[in-house]
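Engineer: Line by line, the protein sequences give chains Z and A.
Quick note: the first sequence, position 258, residue 258 per my numbering, numbers continuous.
Quick note: the second sequence, position 227, residue 1227 per my numbering, numbers continuous.
None of these hints come from the bench; they were simulated from the model.
Computed from a prediction, not measured in an experiment: that's the story for all the values here.
Even glycine gets a Cβ: it sits at the ideal position worked out from N, Cα and C.
Be aware that a few hints might be false.
Unchecked claim - Which chain A residues face chain Z? A few, computed with CB under 10 Å, are given here:
| hint | residue |
| --- | --- |
| 1 | E1079 |
| 2 | L1154 |
| 3 | E1163 |
| 4 | N1169 |
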Amino acid sequence: MTIYSLILATLTFGAMFSVLTLSLNLQYARGGMINFGTVAYFAAGAYAYAIFTQEPPSGLDQYLFGFDMPWYVGFLAAGVASLLFALLTGWPTLRLRGEYLALTTFAFAEVFHSVLLNERRIGNGSVGLSNVERPDPTTLGIDDTLGYAFAAMALMLVTAFVFNRLLKSPFGRAIDAVHDDEMAAQAVGKDDARIRLQVFIISAIPIGFAGALYAMITTLVAPSMFTAQVTFFVWIALVLAGEKTIIGAILGAMALVLFQEVVKGFPFETVRAAQLASSGEEIVTGILFILVLRLRPWEKLAKRGSA
Amino acid sequence: MSDIILSVENVIMDFGGFRAVGGDHGLSFNVKRGGLLGLIGPNGAGKSTTFNLISGVLKPTKGRVAMDSVELSTLKAAEIAGHGLGRTFQTPRAFPSLSVIDNVMVGADHPEEGPIAALLGRWRAADAVLREKAEHALERVGLADRMNNPVANLSGGELRMLEIARQLNRNPRLLLLDEPTAGVDPSLQLKLAEILAQLHAEGTTLIVVEHNLAFLLDLADSIVVLQNGALLAEGDPDSIRRDPAVISAYLGADHET
Chain Z
1 MTIYSLILAT LTFGAMFSVL TLSLNLQYAR GGMINFGTVA YFAAGAYAYA
51 IFTQEPPSGL DQYLFGFDMP WYVGFLAAGV ASLLFALLTG WPTLRLRGEY
101 LALTTFAFAE VFHSVLLNER RIGNGSVGLS NVERPDPTTL GIDDTLGYAF
151 AAMALMLVTA FVFNRLLKSP FGRAIDAVHD DEMAAQAVGK DDARIRLQVF
201 IISAIPIGFA GALYAMITTL VAPSMFTAQV TFFVWIALVL AGEKTIIGAI
251 LGAMALVLFQ EVVKGFPFET VRAAQLASSG EEIVTGILFI LVLRLRPWEK
301 LAKRGSA
Chain A
1001 MSDIILSVEN VIMDFGGFRA VGGDHGLSFN VKRGGLLGLI GPNGAGKSTT
1051 FNLISGVLKP TKGRVAMDSV ELSTLKAAEI AGHGLGRTFQ TPRAFPSLSV
1101 IDNVMVGADH PEEGPIAALL GRWRAADAVL REKAEHALER VGLADRMNNP
1151 VANLSGGELR MLEIARQLNR NPRLLLLDEP TAGVDPSLQL KLAEILAQLH
1201 AEGTTLIVVE HNLAFLLDLA DSIVVLQNGA LLAEGDPDSI RRDPAVISAY
1251 LGADHET
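So here's chain A without its partners, still in its complex pose (with noise of 0.2 Å):
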């Protein structure tokens, strides 16, 4: 297995005559795995929209995305979830008909999810299974006295949380982050901090967007750097601190971390 797990390769996106990603000849950046890549740039650098052409909610203009090799550019969005890729948003996004335990267990592969299988009761075994591990992604984010709360009653912050216990729940081999500690509260953060780097050390490959770099710089282990939808600059978190390009288009001159 080759230790590249994500290849984004002269990636462009253009929206009508807008370039939101790929500069002049494309964006490309490599993933490795097991590895912690942060993704960072000023506002409309196109991080979001990275993330939404790796996970198939876009498609590419132009250049190719291949995680382990497959090709994702030309897979539906759930397929490529399918395919060991997880994700959560820039605002969260939870599912309001569902409770919070409910929002997590929807995340699971369930393998009696069909019709069939609801109409001859014989979901109700792998159900409790998928609970107990439900129950245990919830307890890892300070959710579990919310679990049968309607989502409506969470905050903004815990909202987050519950994104990112839905994909725990997942096991995803990749998983990305959109800011995910924006709106959350600093001993939340401590959490989320922990959760991540404990996933790191489970070797599961994360890429997350984050305005906050005290937090990002920290955990990382590699850096992306975006400007105007290029690459600004890539490499380790040290190296970037000390990048001049990146300290005048995104740090700023005063910048100290």
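Just chain Z, same shape as in the assembly (with noise of 0.2 Å):
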């Protein structure tokens, strides 16, 4: 592997997954909530997309749909499952708090992958469906690798600057209420229960775009890769990096995909160096977030910073 194609694989996976960290921020540092349940909005957005996009069933697929239908509709099909399916989710659950929500939230994800898993008329249950169609970036003269990189900071950057947008705003001050005191802000008139359903799925639908722009890079989607790793692989990446900021939480993606990626991209002289490496860079992984939970390193810096 190549300097040049490992920063090109991190750019792309770091700015897909910054993404959800980007989600997830607004979600828990701003609003509140703890969604374990993550994956399941990026698999309903995957999803979403290859089915919007794929032909119709034929010759041994299980599958029922196929609308076979543009990139772009697809893309659009995308946010709106995620939407949906985070309306459907956050409308019940959102009265409870805390580890009561997160426990919810991951068993409506483990639920929902059992679906994919089990009911093979969505997307071929654990064969997934492959070859799923992508807009080729050649056609603009842009080397296809390239211009997913560019596709994904581009959805990274827009996400980044709604949200912030967002959060400078009315909007982003009631949120901050709701937040800090639900009762207090009840006092001035903050519906605190339809601010909170805004924002869960305000922030549900950039997850739904990555899902879909997953799709389109790896051609595939199948319900072993939207385990619950996904979920803990961009909680992990959250709070690395610290999960109060925006930043932090595109930082704290890049730095964890980078580290994959270097694992992954090492010419180990045998198998077995690289079974051990890839079993290392998940003991590394925890014992960098046991650290950072452990010695709040950001928070120390931002009380310097700010004293």
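Build the complex: two chains, separate frames, hints provided.
Structural biologist: In structure tokens, the structure reads:
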């Protein structure tokens, strides 16, 4: 693996996962909601994209729907699917707080994963949908990998820009008020239930878009790609560089993806060494996570900065 | 328009087996439009619970609360606030993520508060108007020079004034103040008395829970005394001062004001 392809892969997947950490940043750091079912919204987007763009079923296909639409229709459908899924899961659960919400969203994601796995009429069950349609960047004269790196970064930047714009407005003020003190916010007429649901739904939309992008990049959607591991990956990425800021959400995802790509791309001599490195990678990530939680370096840095 | 703005009718509030408000027959009293009603009573008499029942934080077990003939007992706290009711809390509640001025501005009913307005940037004009109003409210409570500070820098008394500024910014028709002078130094108390008198003169109806009777009896035009969640006495400040039941239950035998 060359440095160039390492950087490109990091930017592509780092930016794509940044979209997820940015959404979690909005949901958690600003909205006070712990969503441990992130992967489900990501999967909803990816599957919606695949279903809308693929051809109708033929031969051994077990799926029922394939609409053969252009990629941009699929992309929009991904955002809508994630939004609808957030509405469906958020409306009954957002009255829950803290770890109760975390558990419920986690359960929703597991159920969704199980449905994708067992209901073959959605996406061929465990086999998934392969050869997912994708726009071809080379028609614009851009190299394929580079094109998707640009696309991922564009999606990340647009998401960061939109969230920033939301948070800097009176809507952001109301979100902070509801997060800080629900009762006092209600006393000045803020409908906390409505605001929480709005935050939950708005932050789910980019996750759906990221899911569509993931399907385009890998040209495959299968239940094995959307396990709870994705959720934990983005949560760790979010906490690593400080969950409170937009830049922290982006840097955390980039750093964690870079670390993974380095391990993946390292030219190991033997299979055994590669296996060791890959399990070592998870251990190191875990230790880093614990250290960040234990030492809280970003909070200390922020305190020093403001003092 | 009737001259009663708020009526509490046979309200009972039970927590488990404990009756916090209502006594044997339920608590009933009326609040006159434009009046300043003092709500007093010993600790645990149910004053703050009564506030919570009026403002929708709690739903009464029995009975009803109506403001201008709209039944409040079925509405959510935010809806009741939208109906023109403001309140402060016994322990001041600020929003620590927001600056002092934002703490006041968030109190206003912003016409462009939704996410769409935020995305389109449509909120700026309305926000500028509200900012001026919030600055004025902060001036009234003497916090104008702290406008851009984080609320963590405010003292307990200043937090109380901040809460009042947030409510001033809302122009409620009925304002409930829970122990506004607690932890507030004498000079600020004077300012507070001035603000309350001004609000009263402007026609805002006020209900004030207060243990500082010298402060309250000067301002109020009627008093409701609670004991063990039930109505002990009701009347103008002078008759309450002389009421033997009130003296023995709350004021103390050697009471002089």
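Engineer: Return the numbers of the hints above that this structure violates; sort them in rising order.
Structural biologist: 2
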